[in-house]
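Asker: Chain by chain, the residues run as shown.
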Amino acid sequence: MRHLLRAGDLSWDEATLVLDTTRELAQVSDRSVKKLPTLRGRTVVNLFYEDSTRTRTSFELAAKRLSADVINFSAKGSSVSKGEGLKDTALTLQAMGADGVVIRHDSSGAARRLATWIDGSVLNAGDGMHEHPTQALLDAYTMRERLGRLEGLRVAIVGDILHSRVARSNVWLLATLGAEVTLVAPPTLVPVSVSTWPCAVSYDLEAVLPKTDVVMMLRVQAERMQAAFFPTAREYSRRYGLDGDRFALLPDHAIVMHPGPMVRGMEISAEVADSPRSTITEQVANGVSVRMAVLYLLLGGSEPAFGN
Amino acid sequence: MSTTDNARVIRGARILGGEPADILVRGGVIAGFDAEAETAARAGTEVIDAHGLFALPGLVDLHTHLREPGREDAETVTSGSKAAAMGGYTAVHAMANTDPVADTAGVVEQVWRLGRDAGYCHVQPVGAVTHNLDGTHLAELGAMADSLADVRVFSDDGKCVSDPLLMRRALEYVKAFGGVVAQHAQEPRLTEHAQMNEGVVSDRLGLTGWPAVAEEAIIARDCLLAEHVGSRLHICHVSTKGSVQILRWAKSRGCDVTAEVTPHHLLLTEELAESYDPIYKVNPPLRTAEDVHALREALAEGTIDCVATDHAPHPVEAKEAEWSNAAMGMLGLETALSVVQHTMVDTGLLDWPALADRMSATPARIGRLPGQGRPLAVGEPANITLYDAGAAREIDPAAMVSKSANTPYGSMTLPGRVVATFLRGVPTVLDGKMQ
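Protein chains in written order, with full-length UniProt numbering: chain A, 1 to 308; chain B, 1 to 435.
Don't take each hint at face value.
Some, not all, of what chain B presents toward chain A, calculated at C-beta under 8 Å [claimed, not checked]:
#1 99
#2 198
#3 207
#4 209
#5 318
#6 322
#7 323
#8 328
#9 347
#10 351
#11 353
#12 354
#13 357
Everything labelled a hint here was simulated from the structure, so no lab data went into it.
Please read these numbers as outputs of a predicted model, since none were measured by experiment.
Quick reminder that beta carbons are idealized off the backbone N, C-alpha and C, glycines included.
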């Protein structure tokens with residue numbers, strides 16, 4: 001069977017197929033009866049080792065709109081909390097006949113490990129600091145819908161790059177799709193080998209903003225301060241936060257994105273988050289459509305349409 | 001006569017890869033060569049045909065985890081010393097990070113006695129530097145040195161003695177009985193939550209990096225400390241190019257430092273982590289091809305003195321997990337000689353006498369281990385490994401003699417095969433099978 005483990009594995013053709021399929025399926029969400037019979041009789045398991053109501057709900061809704069049977073398996077209060085390992089959980093789900101497993105896990109590579117133990121499709125819904133491919137796909141879809149293209153689009157990703165699976169997925173997917181990515185962060189929050197990544201790096205947000213079509217703000221956990229990644233939350237906010245003054249440096253057509261959850265007043269000010277050029281709630285809506293597309297392409301036919 | 005004094009003639013073995021010779025083993029020592037061996041053979045002494053095989057001095061490992069007491073599900077002194085014999089070893093140094101920790105005379109004597117009773121190789125306990133490996137209080141090093149186990153190597157391996165003052169005191173203290181402190185060089189703050197070598201691969205995989213500097217900074221500090229107090233320092237499992245440069249510099253200053261490299265750091269690189277298969281998760285982590293190259297050169301020139309396996313058995317479930325939740329470490333005893341042949345001899349970096357130096361004589365000297373690592377000469381203990389360097393074998397994890405199967409070489413084909421191992425004249429392995 002085939003899986004979606006990382007956005008970086010997708011070819012231009014495969015990624016474009018997901019985005020085109022998303023567009024078709026998005027129309028379902030506009031109907032009064034928001035349901036297709038496509039995955040009737042198929043079972044999708046949401047296996048969530050991290051609390052993430054947003055992502056789990058998005059996948060659940062996507063699977064239900066395609067008429068799949070959905071089982072939510074959260075680590076808390078299950079056999080996992082009694083010490084069961086990932087492999088045994090995988091074998092249990094396998095025995096229950098799961099056609100697809102959506103996994104969220106705090107260990108990088110957990111989705112890949114799961115894929116070695118089960119026959120069904122594995123869909124990575126975020127693994128540690130590694131990747132979150134559907135987030136990058138929904139981000140790319142949102143950019144394409146708003147700005148009409150991805151090729152040559154100038155995208156600034158701002159914040160805690162080092163610990164971010166969203167950044168990793170976006171850097172590689174956007175590079176595949178022809179966008180020009182610039183990472184903006186204090187040097188402590190950028191990986192040491194970032195010069196080998198298919199993107200540019202800047203430590204100066206104000207210098208980057210005027211040459212940016214899309215600015216994507218990442219959440220910065222205040223706890224990072226304890227590990228000396230930056231001196232104080234206030235200093236971080238002053239140097240790398242997107243406030244009204246910095247927002248004004250963007251070209252008029254530029255959009256502001258955030259994968260959520262946001263920390264208003266830290267990386268983004270309320271006035272920017274609530275601006276009409278902010279796509280934050282649109283991203284949530286698009287998330288459902290993208291996940292429908294991915295589930296459809298992985299589980300819908302007799303042979304998966306893409307993936308490895 | 002041949003039954004009572006365990007006499008055997010090893011016929012046609014090429015000692016250290018030289019011309020074929022016959023070796024007479026009697027009473028646990030090498031009693032003579034060609035003429036004496038021929039006489040004994042005619043008198044009916046058992047003859048072992050070793051034509052085409054190399055005779056090497058029994059290998060000595062400075063760094064083995066036997067897991068007993070405490071983790072007998074992974075390995076025991078008996079199963080680990082069998083694995084050692086299977087790999088051509090006649091002596092292993094059993095690391096102290098057991099449960100309970102080998103930090104008292106009682107525990108080291110227990111391990112020593114278990115090894116002696118098993119009888120597959122000499123099991124030499126390593127004593128912990130600090131009480132319960134806590135890094136803050138010295139263990140009773142003198143009591144362990146004076147015990148039946150005769151401990152000379154002290155190590156908190158698995159943990160770094162990171163407190164510089166404590167390290168200084170340990171180095172000073174062991175001078176009283178000719179001991180050596182074997183340091184696991186890993187600056188703890190720089191490696192919090194570290195999962196693999198920090199660099200291109202860790203950044204892409206989203207695994208917390210383990211920078212080379214965390215190893216190198218400790219090595220530099222400890223070389224300076226050892227020099228200052230005039231003591232003997234040994235560096236465990238050197239893994240980076242920078243460490244090699246520091247060791248070269250320290251030795252040139254006259255610092256009494258020795259170092260070991262593991263077989264896996266001579267062969268494997270960090271790209272293997274891309275599978276997220278924790279069979280490749282190890283401490284220190286697999287590094288880059290550039291590091292591997294530097295380690296091989298250093299072992300060839302002697303900047304790194306010896307090979308040590310860091311044999312680290314783990315039960316299946318400890319490795320069948322997500323990378324960050326899996327245990328660190330890999331098996332080494334049964335594949336070490338093949339890996340060193342492959343990386344050092346077949347590449348032209350070492351000849352067979354030099355290999356014997358790096359895997360037998362030098363580790364025995366560093367460990368102050370009498371009767372091990374001796375030349376194959378008349379009157380010397382008959383610790384002998386017969387090795388078929390021309391063989392090739394596919395490594396089968398399930399076929400390991402070790403109680404565990406966590407070898408990283410599964411399904412790889414490696415050169416060479418240990419045909420026989422003699423411990424003080426008694427075969428522990430014969431025809432490639434445990435005796």
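Asker: All hints are to be evaluated individually against the structure, with a verdict given for each.
Answerer: Comparing the hints with the structure gives:
Against a cut-off of 8 Å between C-beta atoms, the interface hint on residue 99 of chain B is violated, since the closest Cβ of chain A lies about 20 Å away. Of the supplied interface hints, the one on residue 198 of chain B holds, with its beta-carbon coming within about 6 Å of a beta-carbon of chain A, less than 8 Å. Look at residue 207 of chain B: its Cβ gets to within about 5 Å of chain A, closer than 8 Å, so that hint holds up. The restraint placing residue 209 of chain B at the interface with chain A holds, with a minimum CB-CB distance near 7 Å, inside the 8 Å limit.
For residue 318 of chain B, the shortest C-beta to C-beta distance to chain A is roughly 10 Å, which exceeds 8 Å, and the interface hint is violated. A cut of 8 Å between beta carbons decides the hint on residue 322 of chain B: the least distance to chain A is about 4 Å, and the hint holds. The beta carbon of residue 323 of chain B is positioned within 8 Å of a beta carbon in chain A (closest approach about 5 Å), and the interface hint is therefore held. Given the 8 Å rule on beta carbons, the hint for residue 328 of chain B is violated: about 15 Å separates it from the nearest Cβ of chain A.
A hinted interface residue such as residue 347 of chain B counts as satisfied when its beta carbon comes closer than 8 Å to some beta carbon of chain A; here the least separation is about 28 Å, so the hint is violated. With its C-beta approaching chain A no nearer than about 38 Å, residue 351 of chain B sits outside the 8 Å limit, and its interface hint is violated. The restraint placing residue 353 of chain B at the interface with chain A is violated, with a minimum CB-CB distance near 41 Å, outside the 8 Å limit. Here the hint on residue 354 of chain B is broken, as its CB sits about 36 Å from the closest CB of chain A, past 8 Å.
Checking residue 357 of chain B against chain A by beta carbon gives a least distance of about 38 Å; that is not within 8 Å, so the hint is violated.
The earlier numbered hints that this structure contradicts are 1, 5, 8, 9, 10, 11, 12 and 13.
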